[in-house]
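Visitor: Each chain, written out:
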Amino acid sequence: MASSPPVMSAAMRRSGLQLFLASEFIHNYRRNLSAVLGSLIVFLFLAMVTAGPFIVSQNPYDVAQLDLMAAFKPPVWLEGGSSEFWLGTDGQGRDVLASIVYGSRISLVIGLVAMAGACLLGTTLGLIAGFYGGRLDAFIMRIADIQLSFPSVLTALFLMSAFGTGLDKVLIALISVGWVVYARTVRGSTLRETQKEYVQAARVSGLPNRKIILRHVLPNVLTPLIVVATIQVGTFVLIEASLSFLGVGVPVTQPSLGLLIKNGFDVLFSGLWWVSIFPGLFIMLLVFGINLLGDFLRDELNPRLK
Amino acid sequence: MPRPDIATTPLLSVKGLRTWFHTFGGIVKAVDGVSFDVAPGEIMGLVGESGGGKSMIGFSIMGLIDPPGRIEAGSIEFEGRDLATLGEDEMRSIRGKEIAMIFQDPMTALNPLYTIGNQIEETLALHTMLSARERRMKAIEMLHKVGIPQPEQRLHHYPHQFSGGMRQRVVIAIAMIAQPRLLIADEPTTALDVTIQAQLLRLMRQQVVESGTSLVLITHDLAAVSQMADTIVVLYCGRIVERGPAEEIIARPRHPYTRGLIDSIPHESDVDGAKRRLSQIPGNVPDIRRLPPGCAFAPRCPRASELCRTQDPVLSERECVGDGSGPPRLHAIACHHPLTVSP
Amino acid sequence: MFGYMIKRLIQMVVVLWAVSVLVFVMMSFTGDPTFMMVPLDATDEQIAQARRILGLDESHLVQYWRFLSNMVQGDFGRSFVFRQPALTLILERLPATLEIVFLAMALALLVAIPLGVYAGANPGKPTSRAVMAGSLVGISLPGFWLGMVLIFVVAVKLQWLPSSGRGPTTEWFGLRVSFTSWEGFRHLILPAITLSIGTLAILMRIIRAEMVEVMKQDYIKFARAKGATAKGILFKHGLKNALIPLVTVFGLMLGDLIAFATLTETIFAWPGIGKLLVDSIYRGDRPVIVVYLMFVALMFVVVNFIVDVAYALIDPRIKIK
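Protein sequence lines correspond, in order, to chains A, B and C.
The first sequence begins at 1 in the working numbering and counts up by one.
The second sequence begins at 1 in the working numbering and counts up by one.
The third sequence begins at 1 in the working numbering and counts up by one.
It should be emphasised that the hints constitute simulated quantities derived from the structure, not laboratory data.
Treat each hint with caution, since some may be false.
Claimed, not checked - The calculated lysine-lysine pairs, modelled on DSS-like cross-linking and capped at a C-alpha distance of 25 Å, are:
1) K221(C) x K29(B)
2) K216(C) x K29(B)
3) K221(C) x K97(B)
4) K138(B) x K236(C)
5) K97(B) x K216(C)
6) K221(C) x K125(C)
7) K221(C) x K138(B)
8) K231(C) x K97(B)
What the hints assert, rightly or not - Per the computed footprint, the stretches of chain B lying under chain C, defined by three or more beta-carbons under 8 Å from a beta-carbon of chain C, are:
9) 89-101
10) 123-132
Backbone N, C-alpha and C fix where the C-beta goes; we use that ideal spot for every residue, glycine too.
Throw the hints in and build the complete structure from the sequences for me.
Guide: In structure tokens, the structure reads:
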């Protein structure tokens, strides 16, 4: 097109960052309340779990800092509440807010690490299945199919019942249920990608398979994974909470938000609601933020929906 | 082929219609100041390249423009009423009954979950007081008319059991069954096999002529239009560039764009040796959001001058070089440097 | 049709077999049930005898073969804790679980379909956005936590509904059910609401997405061009097309409900198979865990088969080959 308007050349002179900031993605991000809200929530949680332990008044797992006299204090706005413990205390005089800060850290770390593990495992298996095809592909995908016909929570619960409790075991269980979705997505895009001419050309030119996969296929199949990975962190936080609530998740010494709910459940019937309700509220908030972000990313990164 | 049966008071009169889409990338002026009349019984061809906003004229008449689109200005007078100002309820009673529409792709226009009998009878159920039995009878009769064999049985079949051509016949049956005054056909044959296209166009022409229905045939295929239309309107980037009686436009196009379209139609004479080169209009339809100033066709026009690049040409009418019989027929063009008429 | 059935049956058997292998492998590589059987001060000899009785002294292959052949004959072993056939335990508690699962599913469908259709047909409306935000909250909250909130508010504070247990049951076609009496039904309400919330939220999102997609189709525009009413377009042309894909997620929905019933039943002390599973996991009651898994696997496989057939029957475009 010889007669492209002068606006274009001006745009081309702008720097990459400026171009990104002026892009439709950023424009939509700014206009999208849920995207802003979602990232704000996630950011606040990240800030809380990194800086929180230095800010809250006590380390809830240092027995020396606990005061049994301060047990079961209600939140600050209720009668009998103390400004020292905003969200009240549990049966050992632990600050509920401090427990939540420490618990969020465990929940979020589990979610993130398990997501990374599942992504790595699933992507690798998906690339192998899609690139090499054949029996290996059939085998991997059959396993994926069978696993998908079982709800993740049930599979994870079953694995935990076999492994026993522990942070590492929770991670293994989550990775075992989480890899499938990556494997399927990556396999699909790999199949499409390997049909393309540049990959065929690379193959013909004798580039080793490993290099073709890493250099040509992998970068092109990653985009859809961003959405899957984002949402999966939320899913993992919820599954972990369920496992810990059932007593087969993290050990008592490293209580996640789910375990805090379990601990508070026992005293719920005596009307001491804050011990269990607040941790749940924080789980909801965290997962809600993650899902908002995931929703926005899905709408933006999936051109089919536009 | 002037037809004497065409009356002079128009059935549909579109004046200064502007239908714009407010998108992120800017305003898309899909229809930008379009005016034309359709007389009762007239067949009008609305011609232009893909992406030229032709379909949006049809949807504007039907009142089926969805956000971010909007009719910004202009009037659509139909039997004395301005459709652009009517409410949804009034429009609904007109759609399907007074004005019917045929869609481009018969594979997607029919609901896959209902039998075609059900879908034909739906139109009657919506607009007539006929009983279920009478609706069934009329549906069978209509299917028969559009050339579907064994209509009694076919009535109970689902759309996926029909071929593309057959489905478009069903679509025509649905559109024509309530005897509308105006039929809008939006690229009705584009999605079909070339061999079936001519058949269906003949069928449509026969249907509208028999019932005295007017037809607005929206297409990019000037060749198809030239064989059946009374009037041709040529659109480029949402505007009319040329408008006039079909035989006049085909024989003596005055706008370089129309000329280009005609030259890209293969002629029968090409086959037997005549060495005419099949030409092609250079370049592409520009991005309608960033139209160049002046005439939108200027960047592709061999005759473009500085004037064309700065100033919009105005659509102006003049009388056709007629044979003297009948009322004067008008030929309108929007061009600074029209082609000269070679008598 | 017949060939298809045979093919699907073979597929089902293969899946079940694969599950049995996985279950067996997991079970034999983790923990030793011998110590469940013998007293704490057991001698080496007693332990060895117990191992012989359990068949643990033989090779894994022989053990698996025995495991499989017993299972095919309907013998899943006896519960270590209850000293009863494990299958009997499961079957006894199944009606209680099915009761809340079906009620939860009915609730989810009843609420999700109208809201999903509304939000899908009117995208961009503030009310639609509110519905969608609500569904996002629904998929973000831990269901068991919601159950606890309900217990605290409705049962402990307001004392409207009971917080735990199943209430009176009556015999109904040979099954013990509680929805037949008012008191029994009162016990059902909170668990069913708790269980339904996640499924409800997901369903709503699926229906909305389907509806949005369907409303963009040409046949919707064509129906409008025919002059169809807004209601006709929504319900006759839109809804049916949007609901068909829903049939395919029915199996997944049921699976999720049964999985989350473990948590709901634990909170509400509901005597179903979910609570039995959780209790058995605590107690290391392996036979019960195995039966639960095999039973649930069988259920999913059968449901998915039914779903596939139903899908083919509903959608005229699909022909089973």
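Visitor: Against each hint, give a clear statement of whether it holds in the structure.
Guide: Going down the list of hints, with the structure as the test:
1. K221(C) x K29(B): holds (22 Å)
2. K216(C) x K29(B): This hinted pair holds, its Cα atoms lying about 22 Å apart.
3. K221(C) x K97(B): Given pair K221(C), K97(B) holds - Cα atoms ~16 Å apart, limit 25 Å.
4. K138(B) x K236(C): holds (22 Å)
5. K97(B) x K216(C): OK: K97(B) and K216(C) at ~23 Å, within 25 Å.
6. K221(C) x K125(C): holds (20 Å)
7. K221(C) x K138(B): OK: K221(C) and K138(B) at ~24 Å, within 25 Å.
8. K231(C) x K97(B): holds (18 Å)
9. 89-101: holds (count 8)
10. 123-132: holds (count 3)
In this structure, none of the earlier numbered hints is contradicted; all agree with it.
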